[in-house]
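Here are the chains, one letter per residue:
Number of protein chains: 2
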Amino acid sequence: MSLQKLSDSMLPVIEQELNHAIIQILQPGLDDMVAMMNYHMGWVGEGAGPEARGKRIRPLLVLLCAAAAGGDWRGALPGAVAVELVHNFSLVHDDIQDQSPLRRGRATLWTRCGIAQALNTGDTLFVLAQLAVLRLAETVSREAGLEAARFLQETCLALTQGQYLDLSYEGRVDLSEVDYWPMVRGKTAALLEACTYIGALSAQAQPAVCQAYREFGNLLGLAFQVQDDLLGIWGDAASTGKSTASDLVSGKKTLPVLYGLSQQGVFARRWAQGAIQPDEVQALRIQLEAEGARRYVSECADQLTRQALEALARARPAGEAGQALDELARRLLKREN
Amino acid sequence: MSLQKLSDSMLPVIEQELNHAIIQILQPGLDDMVAMMNYHMGWVGEGAGPEARGKRIRPLLVLLCAAAAGGDWRGALPGAVAVELVHNFSLVHDDIQDQSPLRRGRATLWTRCGIAQALNTGDTLFVLAQLAVLRLAETVSREAGLEAARFLQETCLALTQGQYLDLSYEGRVDLSEVDYWPMVRGKTAALLEACTYIGALSAQAQPAVCQAYREFGNLLGLAFQVQDDLLGIWGDAASTGKSTASDLVSGKKTLPVLYGLSQQGVFARRWAQGAIQPDEVQALRIQLEAEGARRYVSECADQLTRQALEALARARPAGEAGQALDELARRLLKREN
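Chains as they are written, first to last, in my numbering: chain A, 1 to 337; chain B, 1 to 337.
Bear in mind the hints are in silico, worked out from the structure with no lab data behind them. Check each hint, because a few of them may be wrong.
Stated by the list, open to error - Not everything, but these chain B residues come out facing chain A in the computed CB check (under 7 Å):
1) Leu11
2) Gln97
3) Pro101
4) Leu119
5) Gln130
No residue lacks a Cβ here, since even glycine has one placed at the ideal position from N, Cα and C.
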């Protein structure tokens, strides 16, 4: 209830501020540069619309944390814009790196305008993110702006480290769970941690409170990723909206797969022989479950979820935003919606 | 004299700080990530050495401006590191975009480790640059750190805009001088402007002085680029160390070429018919000169050089660093060395 109500007032403002952050660079001769960003953001071009935009979970998280920590969420808007632009910068570059043809059901930017311009568009989104976060120095305080900028940079460093690991794991068969956590921390958890921390910073909350929000974001990210990995293999395609076959066929190094590899059993031996074919998926899901992967990963997700909600409780989120935050976390982790 | 002396003390410190900014991210499992940056920076791998590193003109400019504006150049080191990392981030991405096989006589990073990892390495250098510049908040002051970070972001935005224009000009024959300046401002002048401005900010110089340094950097960058364009067609290959044929054959949109296109004469008609072949270069150089391009571009370079030195004089650079700065500017623009 609280989440719906607050989302309804925050999301249109987020969209407007994101749009403003991008079109501000418009100058004569740069129309197409802006158009490429507008396409990627889901505002224009084939398939534009809410589906193409994603859920804007990250900026929403910034604003809800700012409000729940006692601040005015409007002051946190530059932080919200910054994290969403960082997220989209990383998507544009990821799609080039993975040679992905589709993103949210539409042609990826690089397939439409070539690697060179897509790479540059990603760089531009990144710069705009950094410019946005520095504006917290004006909307909140110099200290908050500097600390948020510094933290966002550390986050981006973690993102590139996670991406490096992900790319370097390609084609390797000697991996195990120990290789999973640093990758997922960089690729998923770091940015959610930045969302909750920057939200709390924007409210000028006490350091211990900021720290609790930060831990909440980090654990939320880890729990979300582990849950996502679980659904990627055993999820119900109809309710998750993604093909449950894809994670095994795509060769992604998810937690169930890495757990399976470390068992050095039937699954690991098959994996070492090369790409999984779609007609093997059903048998391998059952094999992986028999080797204990499903139970292990499920327990992992439950534990991280519990820890995330405990961290949120320690932050003592207040009022309607506090309720909305709890609701958002539970919804993300259960993946209703 | 002053330049040689100050370079000798500053360059080793710059190299050490650059190295520190990169190896600080080393963690178990990330050796290769650091190795890719170390290779690109010219420290390790085939062909490593001073030639592979470039001249580190940009960080030197930061430190000389800081000292000439009355500051302690050691406090400006985070700014020096930041501009050189931004420069190298843009080189790594440029090489991918242009599919260049060689950079400073060595294999480019993407040809060694693939587009995906090279792209991510460029992103990492960019993040490290942003982290570095924020450290000016500690070595100089919070205000200087925030303003330098903000300005460096604006610079990076100009870089991506210049890069967008450069890429978008490929294959176009309807260009003229008016298309040249925004591209060159972004691709060359913006970063030199950041060097001189961040140097002056690090010395906590008065706003009018910072502004004069900033104009000096911008004009120095424009003058340098125009001079480079001139040498790229009419320079003496032996003394410039680059093939004089390359700029016409490569199809680069340099000022002489754009001037020639706007004359709509013999040169423009030949250009419109497709790539220039090496055996045509000599005749086209003469044609372009006959159409007035050489004189026009030469006058342009002289005027910008004069304006750059005037801006430097307005900044009233002091002491040995002031002399070194004047020497550096004159040397860069005459291209002795």
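Here is how each hint holds up against the structure:
Among the interface hints, the one on Leu11(B) is violated; its C-beta lies about 26 Å from the nearest C-beta in chain A, farther than the 7 Å criterion. Against a cut-off of 7 Å between C-beta atoms, the interface hint on Gln97(B) holds, since the closest Cβ of chain A lies about 4 Å away. A cut of 7 Å between beta carbons decides the hint on Pro101(B): the least distance to chain A is about 16 Å, and the hint is violated. Among the interface hints, the one on Leu119(B) holds; its C-beta lies about 6 Å from the nearest C-beta in chain A, closer than the 7 Å criterion.
Of the supplied interface hints, the one on Gln130(B) holds, with its beta-carbon coming within about 5 Å of a beta-carbon of chain A, less than 7 Å.
Checked against the numbered hints given earlier, the structure breaks hints 1 and 3 and satisfies all the rest.
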